[in-house]
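Engineer: If you want the building blocks of each chain, they are given just below.
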Amino acid sequence: MTELLQYVITGVTVGSIYGLIALGFVLVYNSSHVINFAQGDLQMVGGMIAVAVLTAGLPLPVAVVVGTLGGAVAGFLLYKAAIEPAGDAGPLPLVVITLGAALVLRGVVELIWGRGYYSLPAFSGDEAIQFLGVTIVPQSLWVLGLTAAVVVVLTYFFNSTKTGKAILATSIDPDAATLMGINTRRMKLLCFGLGGFLGAVAGVAIAPIAFTYSMVGLMLGLKGFVAAVLGGLGNFKGAVIGGLILGVTETMMSGYGASDYKDAIAFLLILVILIFMPRGLLGASGVERV
Amino acid sequence: MKRQNQERTKSIVGNILKAAFGLSIGVMTTVSIAADAVKIGVVTTSTGPGSYLGEAEEKTIKLMVDTLNKQGGVLGRKIELVHYDDGTNADRARTLMQRLVTEDEVSLVIGSSTTPNTLSMADVATRSKVPLISMAGAKVLTEPLRPWLFVIPENDVMALGVMFDHLAKHKLNNVALLSSTSGFGRAAREVALELSAKRGDVKVVADETYAAGDTDMSAQLTRIRSNGQVQAVINLDFGNQPAIVTRNHAALGIKAPLYLSHSTAAPKYPELAGPASEGARLAVPSLMVVDQLPDSAPEKAKALEFRTLYQERYKELPHGFHGYGYDGLLVAVDAIKRAGSTDGQALKDALEKTKGLPGVTGEYNYSATNHGGYVPKSKLHMTEIRNGKFVMID
Amino acid sequence: MTNMNEAVAPAQSAPIATPPALKLKADSLRRLGPVVALGLAIALVPLIAGSAYHMHMAVMIGIHAVIAISLNLLVGYAGQISLGHAGFMAIGAYGTAILSARYGWPPLLGLGVSSIAAGLLAFAVGRPILRLKGYYLAMATLGLGMIIYLVISNEVWLTGGPDGMSLSVLTVFGIELDSAGKWYWIVGAILLLTYWMARNLVDAPIGRALRALEGPDALAASAGIDISWNKVRIFAVSAALTALMGGVGALYSGFITPKSADFMQSIELILMVILGGMGSVFGAVVGAGIVTMLPQVLTSLEHYESLVYGVILILVMVFMPKGLVPTTAHLIRKFRR
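Those protein sequence lines, which keep their order, are chains A, B and C.
Residue 122 in numbering that gives the first Met the number 0 is what sits at position 123 of the first sequence, and the numbering runs on without skipping anything.
Residue 117 in numbering that gives the first Met the number 0 is what sits at position 118 of the second sequence, and the numbering runs on without skipping anything.
Residue 22 in numbering that gives the first Met the number 0 is what sits at position 23 of the third sequence, and the numbering runs on without skipping anything.
Among the hints, erroneous ones may be present.
Below, computed lysine-lysine pairings styled on DSSO-like, alpha-carbon distance capped at 27 Å [unchecked claim]:
id, chain 1, residue 1, chain 2, residue 2
1, C, 181, B, 128
2, C, 132, A, 236
3, B, 299, B, 354
4, B, 58, B, 77
Just so you know, the hints here were simulated from the structure itself, not pulled from any lab data.
Let's have the full structure, built from the sequences with the hints guiding it.
Structural biologist: Have a look at this one:
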């Protein structure tokens with residue numbers, strides 16, 4: 000029983016990180032129907048900037064804030080420098096552009112900081128908390144808390160603010176949105192920036208647990224994409240739920256002795272879910288968007 | 000500097016033009032070099048998951064070639080280095096090997112950093128009769144013997160032997176394995192299981208794995224913790240994940256001591272893992288503990304010299320994999336000197352006659368039947384992390 | 000749902016005024032012309048190639064070009080994104096290796112059987128998977144590819160695991176195929192044949208049906224096209240061809256690792272199609288050439304490699320979103336007018 004609980008806690012932590020990255024995917028997808036393959040690397044950029052700021056002698060909270068803002072700036076730059084100039088190139092060319100952007104981000108980071116591993120201190124110490132025989136690292140709580148906060152804020156943002164609604168309108172029908180006086184370009188820019196910000200939040204939150212290095216975005220980005228699709232692309236709650244399902248499944252597999260095939264089983268699960276629910280768990284049904 | 004940049008731009012444009020017109024993709028990276036330079040090819044895994052190994056080797060070899068050239072090179076000729084990065088991709092390693100032997104026409108190749116990439120290149124070495132000196136250390140590289148492949152690091156069987164000796168000596172007879180499913184982790188796990196079966200004094204009572212890229216191994220360690228028999232935990236991997244394992248191990252309050260693979264031996268490890276690494280044990284190459292070695296150790300002088308040189312140029316301390324790069328070049332240059340030529344067959348013969356050559360990780364001896372640089376006793380030293388430092392222990 | 004309606008059809012229909020007989024002749028000429036040109040190019044390369052390394056690159060490009068053409072049929076014409084084609088490549092490679100090295104089959108039989116097996120697998124999973132749209136389909140194929148990759152990495156007893164496995168040199172009719180020079184002609188012949196077949200397929204009724212598939216399904220269905228049957232069929236053919244080339248690549252190189260089955264390899268394959276030009280058969284060949292050669296050209300840049308690679312991808316897509324070949328063709332047409 001303790002074991003099961005431990006697996007759930009570990010899985011939820013890992014899953015929250017996947018969920019945070021998945022949220023970044025969803026934001027960008029909602030605004031431009033593009034899968035941003037640089038999402039994982041935006042996460043990496045956030046972690047690396049935070050480490051650099053800390054190494055420069057500034058306190059940890061400052062490093063965390065600067066790191067997350069750095070991710071947002073990288074997201075803005077990605078849109079301004081590569082997505083906007085491409086205009087209405089269509090989704091696949093835009094996906095290739097994000098793939099190129101991922102390589103550029105990785106290349107720049109390697110030129111500045113090399114390919115080594117870097118760590119960030121845990122936000123509130125390393126002393127593990129024992130609870131009902133279950134071990135929880137304080138940083139896990141930070142990860143969970145940040146994910147929850149992000150979901151709450153995003154939900155509020157999209158349901159109750161004008162800008163949030165404008166973004167939703169842009170995603171549903173860009174032409175109509177433009178007619179309504181919404182600056183759709185600005186909305187897309189905002190989403191790329193927000194996506195970068197969310198990625199960076201994940202990046203700084205996980206750096207104390209799993210470290211950061213130039214290639215860290217590759218695997219985490221892939222897992223985030225899986226989580227986003229699993230939840231139903233375009234759905235925020237779905238992204239987080241997708242991430243949690245993925246994280247808990249993986250951990251359970253490892254815990255009950257099938258770590259060799261844990262990723263394979265996760266992918267199999269996704270195949271089965273997609274076959275029975277072709278639009279993911281919480282994907283919008285009905286009219287197909289062409 | 001500007002001049003060099005111009006050269007570089009020119010060579011890039013030249014390359015693209017050449018590629019467009021005749022598939023000709025020669026490279027002229029460096030400024031023109033005397034026509035009779037000795038050409039040595041180097042392939043390292045400097046990007047991708049194996050970059051931890053390859054980057055160290057690349058930096059070391061570049062540094063040492065510069066140093067050697069300042070001292071007059073070899074055979075009175077300068078050494079010209081043709082270096083490529085295989086990106087942890089075996090197919091690419093093979094293509095680069097092909098390129099080195101047919102396009103760059105090098106006399107000898109050092110590479111690559113990982114076992115699959117070396118295996119992929121070995122076949123090209125045999126077909127084109129160019130000696131290949133590998134910096135990877137799995138047993139499969141030398142058993143069966145591949146005629147044109149020589150291996151620098153001692154193989155994983157010997158390295159794990161040092162750990163197992165230590166376990167047996169301290170009566171930690173029941174161990175748990177926690178290995179990565181990467182190539183290295185898998186090979187090491189096989190060796191550990193074989194070794195355990197053969198020796199009988201160290202029994203594997205738990206056998207867990209995790210995948211490359213995993214960010215938390217608490218689940219596997221929880222299972223190990225609940226196994227009452229386990230007296231020691233052995234982690235087989237390299238890179239950042241052993242540091243994650245170390246932290247999870249400490250957080251879960253596991254009493255059984257943590258042993259790590261010799262491939263984790265780098266100053267970065269205790270730095271990444273933090274206080275959690277206190278008490279972790281691992282066998283390390285001489286280069287890591289050169290200060291603690293007795294003056295009688297044959298490798299001490301050379302290792303100290305190299306460490307100073309390396310620190311001057313790169314402002315960081317070298318670790319075990321730097322040593323493999325150093326010794327790879329050392330063995331190569333020694334063979335070129337003795338062969339007196341750069342002919343492939345002559346170099347192979349000279350390599351096979353390498354005797355008592357002291358490097359920074361130990362002494363090298365090859366023969367026609369032994370391409371693994373056989374040493375009767377392992378060159379590794381058992382250490383424990385104390386106050387963030389590698390301290391030699393009994 | 001992705002919008003690929005802009006993909007350029009390679010052949011414009013002939014002017015209506017042309018008499019039927021002439022039109023037919025012009026048609027077949029237009030169809031044969033590029034094939035002959037490609038044949039000439041293939042024949043010329045060995046004359047220009049300076050070393051065995053160039054021939055090696057040429058063989059690799061040829062192998063990738065066939066895969067890119069087969070993938071382009073799926074992506075460019077049927078509008079179905081596959082991020083799992085590296086998995087099919089690996090089935091061909093490992094199938095050939097395992098059947099010949101472990102079970103003593105003749106390598107060519109192993110190659111044939113594993114290609115058919117890949118086709119059958121694609122056929123079996125095709126029906127449920129291909130109902131998915133856009134990124135969901137991309138995800139499902141990615142999952143399929145990853146599962147294949149993980150099985151290959153994990154079943155060490157069968158595949159040698161991450162350390163890879165070796166194949167012995169293939170001997171056909173007493174000739175040892177041990178050099179890039181010899182393999183070049185085999186791969187060249189397969190490429191030419193595939194190219195010819197693909198061009199014909201694109202113009203044949205099934206090609207028109209395929210192109211209809213990229214539009215809204217309802218439209219194609221109302222035109223009497225059996226959507227899922229056509230999609231599944233093209234998916235299976237594409238998978239079998241990809242596996243065949245995977246096997247040829249394995250026999251050629253003599254050493255394979257699971258790396259060739261991983262996600263990045265699938266991305267590279269799709270990159271060939273998009274860079275060259277979706278829906279352009281010739282574009283697939285050009286794309287394969289570029290993606291195969293780029294890392295080799297850029298390797299002299301050392302630490303700037305990934306940066307420059309990324310910038311190139313971005314620039315090509317910003318300035319030529321339809322891909323190199325369709326955009327260039329468009330420019331030439333514009334220039335002529």
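Engineer: If a hint holds in the structure, say so; if it doesn't, say that too.
Structural biologist: Results for each hint:
1. C:181 with B:128: Satisfied, since the Cα-Cα distance of roughly 20 Å is no more than 27 Å.
2. C:132 with A:236: holds (21 Å)
3. B:299 with B:354: Distance of about 18 Å is within 27 Å: holds.
4. B:58 with B:77: Within the cut-off at roughly 19 Å; holds.
Comparing the model with each earlier hint shows no violations; every hint is respected.
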